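Residue numbers (our numbering), protein chains in the order written: chain A, 1 to 426; chain B, 10001 to 11032.
No lab work stands behind these hints: they were computed from the structure.
Just so you know, these numbers come straight off a predicted model, no measurement behind them.
A couple of the hints might just be wrong.
[Stated by the list, open to error] Pairs of lysine-lysine, DSS-like flavour, derived with a Cα cap of 25 Å:
no.	chain 1	residue 1	chain 2	residue 2
1	A	Lys305	A	Lys248
2	A	Lys390	B	Lys10958
3	A	Lys390	B	Lys10956
4	B	Lys10075	A	Lys248
5	B	Lys10125	B	Lys10552
6	B	Lys10425	B	Lys10396
7	B	Lys10642	B	Lys10632
8	A	Lys323	B	Lys10275
9	B	Lys10956	A	Lys410
10	A	Lys348	A	Lys259
11	A	Lys348	B	Lys10972
12	A	Lys353	A	Lys323
13	B	Lys10524	B	Lys10548
14	B	Lys10963	A	Lys271
15	B	Lys10106	A	Lys271
16	B	Lys10437	B	Lys10396
17	A	Lys390	B	Lys10967
18	B	Lys10958	A	Lys348
19	A	Lys348	B	Lys10963
20	A	Lys271	B	Lys10054
21	B	Lys10628	A	Lys325
22	B	Lys10956	A	Lys353
23	A	Lys348	B	Lys10082
24	A	Lys248	B	Lys10082
25	A	Lys383	B	Lys10958
26	B	Lys10275	B	Lys10741
27	A	Lys133	A	Lys50
28	B	Lys10956	A	Lys348
29	B	Lys10972	A	Lys323
30	B	Lys10172	B	Lys10403
31	A	Lys271	B	Lys10958
32	A	Lys50	A	Lys259
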Amino acid sequence: MSNISLILKQFSRSVLLIAGFAILGFSARAQGDAAKGEGIFKANCTACHKLDQKMTGPALGPVITADTDDKWLTKWIQNNKALIAAGDAKAVKVYNDNQQGNMTVFATLSDGDVANVLAYVRTEYKAMQEKAKAAPATAAAADSGPSNLVIFGLIAVIVIAFIVILLLNKVIGTLERLLLNKKGLAVEEVEVDDKAAARKAEFKKLLKNKKLVGFFIVCAVICGGSWQWVTLWNTNVHTGYQPVQPIKFPHDLHAGVMKIECQYCHAGAFKSKNATIPSLNVCMNCHKSVDRRMDASAPSTEIAKIYTALGYDPATTKYDSTKAKPVQWIRIHNLPDLAYFNHSQHTKVGGLKCQTCHGPVETMQEVYQYSPLTMKWCIQCHKRTEVNYKGNAYYDNMIQVHDKIKRGEKVTAAALGGIECGKCHY
Amino acid sequence: MESNKKYWKGLEELNNSPEFVELNKHEFAEPIPIEEILSGTGLMNKTPRRNFLKALGFGVGAVSLAACEKVPVHKSIPYLIKPEEVTPGIANYYTSSYDGHAILVKTREGRPIKIEGNPNDVLSKGGVSASAQASVLDLYDANRLQNPMLKGSSSSWDAVDSFVKSELAAIKAGGKKIRLVTSTVNSPSTLAVIADFVAAYPTAKHINYDAVSYTGIIQANQNSFGKAVLPHYRFDNADVIVSFGADFLGSWISGEEFTRQYVSNRNAKSLEAKKMSRHIQFESGMSLTGSNADVRIPVKPSEEGIAIISLYNAITGTTLPGSQKLSNNASAEKSIMIAAQELKAAKGKALVVAGSNDIATQTLVNAINVELASYGSTIDLDNPSKKYAGNDSEIKELVADMKAGSVDAVFFLDANPAYDYFGAKEFTDALAKVRLKVSFSDRGANGEVTTIGDETSSLCTVIAPNHNYLEQWGDSNIIEGYYTVIQPAINPVYNTRQAEQSLLIWIDAPVKEYYTYVKNNWEKTLLAKGGLAGQAGWETLLQTGFVKVADKAAVSYSLIAKDLAAVANTINTQAAKLVTKGDDQVELQVYANSVIGDGKKANNPWLQELPEPVSKVTWENFAAIAPKFGEKLGYKEGDVIKITSPNGYSVSLPVLFQPGQAQGTVSVAVGYGRTLAGPVGNGVGQNAFPFLTASNGTLQSSSVATIAKTGEISILAQTQTHHSYEGRTVIQETTFEKYKKDASSGNRSEREHKVYSLWDEYERPQYNWVMAIDLNACTGCGACVVACNAENNVPVVGKDEVRRRREMHWIRIDRYYSFNEDGGAVTKEKEIGALQKDTAHMDNMDNVSVVYQPMLCQHCDHAPCETVCPVLATVHSSEGLNHMAYNRCIGTRYCANNCPYKVRRFNWFNYWNDSRFDNYLNNEHTQLVLNPDVVTRFRGVMEKCSMCIQRIQAGKLKAKIEKRPLKDGDVKVACQQTCSANAIVFGNMNDPESEVAKALKSERTYYVLEELNVQPGIGYQVKVRNTKEVQA
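Working from the sequences, and respecting the hints, build out all of it.
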């Protein structure tokens, strides 16, 4: 009996052991390494998925938390197309539920990688939910911040207090004077009057000094004249013009921090006379998935303006063209109609950098007019800038170019007729 | 440099009338009232000191306030979702088709702004007519109907559809007739839709109705050869052309195509090969074609048939019964004999055409052409033209049926019989009896003055406005085997719908979308003809624009009915009917000019302001009479006369003295006098369609009418003498005989002279843009003028301003008359002076020859305008161009005064932003046609031809981006591009291989007013006339 019980014991122990190991193993597998998973998730998944929100693909947090069939999930992630093609009922359902959108095949991800990702998703989503539960309290607290009424009230109180202080000061001064008068100390005041009279006389003397007066008049005329000159000279020159735009688009973030090429958005700059303001579908290339700053907790209201303009609903990822309304930007660089300007001539042919005329846009939070855009400014540049003729067969036959090179002179735009009226005015 | 021939633009110039001399002394027709102000009370008026101070104070304040203005807020609105093919600032081109010609539509940011020729077009090889150039403006016509109309009020398509369908169902049950009246349809898809419609409603019938009809030719071909078709004429194969009143370079059948064909035997290339066709024209009114003829003989309409009989007799050596001599017209009689000889000599390469719509006349012309072996060579009956297929008897029958009450429904597509049917009154009365009247016309309501529909559609129950052709799908087949496609270049602007689609919906067709219908139709039948198939084939078609089946071999034909006695008889009777009795009776000839045509485009201001090529009259029609005849009747130019037809219709029109007009005749153009065309076309001229007469089964253009003076005077808005050279010689010409002996004959260029210059020579190191214009190729049609309008945003100024000599066209076609004397012995200026003393020269007025000269800024190297500009607004460039900086101009107008060519134009108004020009271009919608690469000029500045500098710059930029040198032909200016005759060549003189450099090396090249040593940049090539030493 003891033997049997021993055997049983041993058996059960081994079973338990195995089971325990198995459970351990399984749980280890299921948990994966969330830290490793985060890297993989951000590298591969964020283009289409968010944890708590639907993007191109469904919100992964709830889906993966709810679905515990990790084997199936691994298969799906590694090759969803094969699953669908094989007619797996669940796969087909997921496929159809998500408007038959094609998910990228991640054949390079090992089982371990996938497990890490799943672990990350689950833990991160859980953390998010807990945060969200805590959040309403803080949000409520944040909401009870000073309202406008309170601010105005405060200002009013301060102003009234200031007036009261002034009044009180005056009263105190009067009272002091009364006190002094009573004590018969007004003699000092007479002394003060004498001093003032002396100063007056001195001033009158100065006024009679014709040279001095003349000097001041000349100074005044020079200052006034030059001020007027500068004002008139710069009439209609709008350097620094920085209108308020309908969307606060930060160029410093996009061009500066993110280092997005100017042409990505201003696609016409190298092809056309117009640099073109990007159409909103260009914005949506990124902003379909980016709806806030990295550190922000709530979606950006500015980015939301893109969605509103397009009639796009981020929750359903659907466009409603009936609600679409174009964004009315305010032009910053206003060349008059009588001047023809072609971007591609300057960028593509001339090889100029955008910053030459538009200034350090990559540091501007809101864009302003950097250059004066006057004809003098154009002509100065045309006179100084050497033509970018190397490697361009167009300039090969230009006798003048050859002659100048022989003589060692600079071949400027002006030398090729670049400051003739008809180059820009027609 | 003195020419031995006198050229004159108008009678007032020839006669040097005191008024004319006075007018030409001044730069502007109306003197500026400066002297009045100076001498009158203007400046002498005492301004009280207080008023002066008030004005000063206000002025200073206002200026300061204005200077304080902040940056003007300009909105910049990008696409929401940008179409992939659109890059703002870059033009897209789409193939399409206009009037059967393959064209390209230039669009910017999705709106069509210019029509350009498709260089592969089989008919005109990239040439585009004036009306095609102007057609883009029709798209932006603010007078287009914006919604369908049901019983006179704005409605919806659903309501219209259900109404028409229920009506049609009821009519079908009733079994009465349904008629579809269209101007000739040659579109295969439209014909298929109509066939479907007829199948659905078996009582329906399609009637082709052409306002200007070619029934005569079609029926004559039926009678002569058993083929009721309009032949495809081949002027390029003809060495001798004799035309009886056929304006084949202008309005007759296919002017652009014929121009290309005709000029190919007369241009520089042909001349160098010592080959030039000969062209003899017999006609009553001076047509564009007649003015280009080598020999032009005025004949009255009544003499035309007799002349054709004489020609037949002379060629065949037979005598048709009833033949008579042209007893009153000796020169015509003589010319007929010469023409007959020449035609016989050129047998197989000869062509006789007649403009008449009389079946008998055309049958006889067919007989002549058979005799000359023209069929198979100069006339192609096997690949016929499908441009016109109307039968005059069908519309007549329709009117009778409507009157009888047997028609229950009638549809009008691109047809307006209430205006252009000769019996318009009878037609409208009969129309009232029809139950369902539907029009597809797009004329309609606009602004404060609300008019609905055109002359016909305003009488209709339903108006289902059709798309403009730039908004629609479609196709056309103008010549057998040549199929072009029409594709939309813009979304429909208004709530209009394609007429074919409406018909498909009304018959509940399985395919209701017309695009699908057209595509299916092509995939089924037409693509295969071009060796294309399927979706790929369709896409190829949309890129090439057409398919062309190889021509069938054109064979020769012989007459079915050899006996021409009956034909001759009919012609003689017809001629007898036109004989006038008494002084107040005249032979009236009604014609279509090449600008307005049948009047369907009367609401197009570009066309209305384009001077009619021969008379140079804008904005109206007129009564053209011979100067001698007019003087005999005691008329002066501008006198308004009343013309009354035998059936009582009358119009009052101003008289124009037209040299070359046959004595005793009056010519009046149709296409004017629209009452419901729109604000531009309404009330422009008088309607001449009712003067047509129905006889022998067709509509005839000649009749007898009475004329009487009304006592009123109306000054014609005629541009011909606006820009005077004060009698300096600007035209040089020679005869072909002399040319063959010496290629430089007639060219009195004095290049050998030593010239001295006050100025340094300009350096033109890279480019020297110049132009060569071949006077022998230019027919004077005026397409270049409209092309220039469209390309350079040239404003329309209207009739009143044209009368004040303020037209803005950058390029004008000068038309010069000169006298022919027997043997071409040309008149010396002194002799003309002698002639002026008596009226003898009035006899010579019958016998004038015409030269056309396109005149535009010559871009002189020593430009007189540049030296007088006080602000250097017009300066020379290093590329040989004369630049004009509008924003620098202060409007002294010294330049215009000093320009010997008179090509500078002054902006008297802000034409784009002035309520006085609301009818033309000052409305938001029409302004969308503006070329965004060219600025619109402000009031008070000068403007002139820039040689399309925007195109030069664009061409250079393209080459730079592609990193290659600029090639000859990369830059084409607008006037050059549209010219079917290739009369204008533009390019870089510094490139010895360029086409223009070669053209300017020709012995025929001369420069206008060369003796002034302004060194113009445009060379003209001497006009060559194929007159024989002893001419008719």
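Do the hints match the structure? See the list:
1. Annotation: proposed proximity of lysine 305(A) to lysine 248(A) holds, straight-line Cα distance about 10 Å (limit 25 Å).
2. Annotation: proposed proximity of lysine 390(A) to lysine 10958(B) holds, straight-line Cα distance about 17 Å (limit 25 Å).
3. For the hint linking lysine 390(A) to lysine 10956(B), the alpha-carbon distance of about 17 Å falls within 25 Å, and the restraint holds.
4. This hinted pair checks out: lysine 10075(B) and lysine 248(A) have alpha carbons roughly 16 Å apart, not beyond 25 Å.
5. For the suggested pair lysine 10125(B) and lysine 10552(B), the alpha carbons sit about 20 Å apart, so the restraint of at most 25 Å is met.
6. Restraint check for lysine 10425(B) and lysine 10396(B): satisfied, since their Cα atoms lie roughly 13 Å apart, inside the 25 Å limit.
7. For the suggested pair lysine 10642(B) and lysine 10632(B), the alpha carbons sit about 17 Å apart, so the restraint of at most 25 Å is met.
8. Pair hint lysine 323(A) plus lysine 10275(B) does not hold up; C-alpha atoms about 69 Å apart against a cutoff of 25 Å.
9. Between lysine 10956(B) and lysine 410(A) the CA atoms are separated by roughly 22 Å; this keeps the pair inside 25 Å, and the hint holds.
10. Pair hint lysine 348(A) plus lysine 259(A) holds up; C-alpha atoms about 20 Å apart against a cutoff of 25 Å.
11. A hinted pair counts as satisfied when its Cα atoms are at most 25 Å apart, and lysine 348(A) with lysine 10972(B) qualifies at roughly 24 Å.
12. With a CA separation close to 38 Å, the supplied pair lysine 353(A) and lysine 323(A) exceeds the 25 Å bound.
13. Simply put, lysine 10524(B) and lysine 10548(B) have alpha-carbon atoms about 16 Å apart, close enough for the 25 Å limit, and the pair holds.
14. With a CA separation close to 14 Å, the supplied pair lysine 10963(B) and lysine 271(A) stays within the 25 Å bound.
15. A hinted pair counts as satisfied when its Cα atoms are at most 25 Å apart, and lysine 10106(B) with lysine 271(A) qualifies at roughly 18 Å.
16. Pair hint lysine 10437(B) plus lysine 10396(B) holds up; C-alpha atoms about 18 Å apart against a cutoff of 25 Å.
17. Our distance criterion of 25 Å between C-alpha atoms is met by lysine 390(A) and lysine 10967(B), whose separation comes to about 20 Å.
18. Only pairs whose Cα atoms come within 25 Å are accepted, and lysine 10958(B) paired with lysine 348(A) is accepted, the gap being roughly 11 Å.
19. Using a Cα cut-off of 25 Å, the hinted pair lysine 348(A) and lysine 10963(B) holds, with the two alpha carbons roughly 11 Å apart.
20. Taking the CA atoms of lysine 271(A) and lysine 10054(B), the gap is about 55 Å. The hint is violated against a cut of 25 Å.
21. Of the pairs offered as hints, the one joining lysine 10628(B) and lysine 325(A) is violated, with about 69 Å between alpha carbons and a cut-off of 25 Å exceeded.
22. This hinted pair checks out: lysine 10956(B) and lysine 353(A) have alpha carbons roughly 21 Å apart, not beyond 25 Å.
23. Restraint check for lysine 348(A) and lysine 10082(B): the C-alpha separation of about 22 Å stays at or below 25 Å, so the hint holds.
24. For a cut-off of 25 Å, the pair hint linking lysine 248(A) to lysine 10082(B) stands: about 22 Å separates their Cα positions.
25. Restraint check: the Cα-Cα separation between lysine 383(A) and lysine 10958(B) comes to about 23 Å, which is no more than 25 Å; the hinted pair holds.
26. Taken as a hint, the lysine 10275(B) and lysine 10741(B) pair is honoured in the structure, with Cα atoms around 13 Å apart against an allowance of 25 Å.
27. For the hint pairing lysine 133(A) with lysine 50(A), the CA-to-CA distance comes to about 19 Å; that is within 25 Å, so the pair holds.
28. A hinted pair counts as satisfied when its Cα atoms are at most 25 Å apart, and lysine 10956(B) with lysine 348(A) qualifies at roughly 13 Å.
29. A C-alpha spacing of about 45 Å is found between lysine 10972(B) and lysine 323(A), which places the hinted pair above 25 Å, so the restraint is violated.
30. For the hint linking lysine 10172(B) to lysine 10403(B), the alpha-carbon distance of about 20 Å falls within 25 Å, and the restraint holds.
31. Only pairs whose Cα atoms come within 25 Å are accepted, and lysine 271(A) paired with lysine 10958(B) is accepted, the gap being roughly 10 Å.
32. Taking the CA atoms of lysine 50(A) and lysine 259(A), the gap is about 24 Å. The hint holds against a cut of 25 Å.
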